[in-house]
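Could you put the whole structure together from the sequences, leaning on the hints where they help?
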Amino acid sequence: TVRLDTSSLKLKKGYGLASFVSILPDSIFVEGPKPVIGALPEPVAITLPFRNIDEHFMEDVEVTLPSSEFVKRDPPTVAVMFNVQKMVTMKDSARLLIQNLPSSVWPVMGRKKIPYTVSIPQNMLDQFHPDSMTAVLNLQKLPKGERLLVPALTGLPPFSKVVHIDSVRVKF
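The letter at position 106 of the sequence shown is residue 106 when you use this note's numbering, and the numbering goes up by one with no holes.
Keep in mind that the hints were calculated from the coordinates and are not lab data.
All clues given are correct.
In the DMTMM-like style, the derived pairs of lysine to aspartate or glutamate whose C-alpha atoms are separated by at most 20 Å in a straight line are:
# : residue 1 : residue 2
1 : 112       : 92
2 : 72        : 26
3 : 161       : 54
4 : 10        : 59
5 : 161       : 55
Shown next as structure tokens:
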């Protein structure tokens, strides 16, 4: 199996993924000495030698392997494809929802909405509905005590990212 080393993904500032990364074929056949083949990582990670990507991407990328002089790859390259969009920053606040509250606890809430900042692909803005956003605080299996927790933000369009969300102090 072949996968993309996402740390090698160098998008232009202000841009983000707007699709899943597709790799074709998603696996390759390797042939060589058994100890060398046995030492290969699974999956094989490929890196992109491109920087400042700011448009849809579709390129053939060489699959490089350690001890490659002893290993035959078939095919030696894979096609990597993904969409990139300019990201738009949005600020708003979401309704706070507490889940799995212990039955012995009575919630005292200082606020009902949690401020957040998100980054949304430009082509997904029509799917962003601030009124349907929820900040979910799950207290399942949380031991007694006091702590700051970061709620999960639900209702985001695909490929959006939470840039910032306020934490919530919980004590019980």
